[in-house]
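*Asks:* Sequence:
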Amino acid sequence: MNRARAIAVVISMCICAMAASAQQPPVVLKGGRLLTVSHGVIENGVLVMDNGKI
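Just so we're aligned, residue -8 is where the sequence shown starts under my numbering, counting upward by one.
Any given hint could be a false lead.
Said to hold, decoys possible - Per label pair, the in silico range of CB-to-CB distance: (1) ILE(-2) with ARG24: 52 to 58 Å; (2) GLY43 with SER3: 21 to 27 Å; (3) SER3 with SER29: 57 to 63 Å.
Hints in this document: simulated from the structure, not taken from any laboratory. Every value quoted in this text rests on a predicted model; they were computed, and no experiment measured them. All C-beta atoms, glycine included, are put in the ideal place defined by N, C-alpha and C.
Given the sequences, and given the hints that come with them, work out the whole structure.
*Replies:* See the structure below:
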């Protein structure tokens, strides 16, 4: 029983490690003109996109 539990833990850790390594690195756009809804225009702005969020 203990061996089966240990194998299950190792397998779940491998699955978690594979999911973590599949993530994309953040995307950075620099030096552009950002048009915002509330603050107007930002010149030479930096936009960072990470995990689908700005």
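*Asks:* It remains to establish, for every hint, whether it holds in the given structure.
*Replies:* Status of the hints after comparison with the structure:
no.: 1; hint: ILE(-2) with ARG24: 52 to 58 Å; result: holds, 55 Å
no.: 2; hint: GLY43 with SER3: 21 to 27 Å; result: holds, 25 Å
no.: 3; hint: SER3 with SER29: 57 to 63 Å; result: violated, 44 Å
In terms of the numbered hints stated before, the structure departs from hint 3 and from no other.
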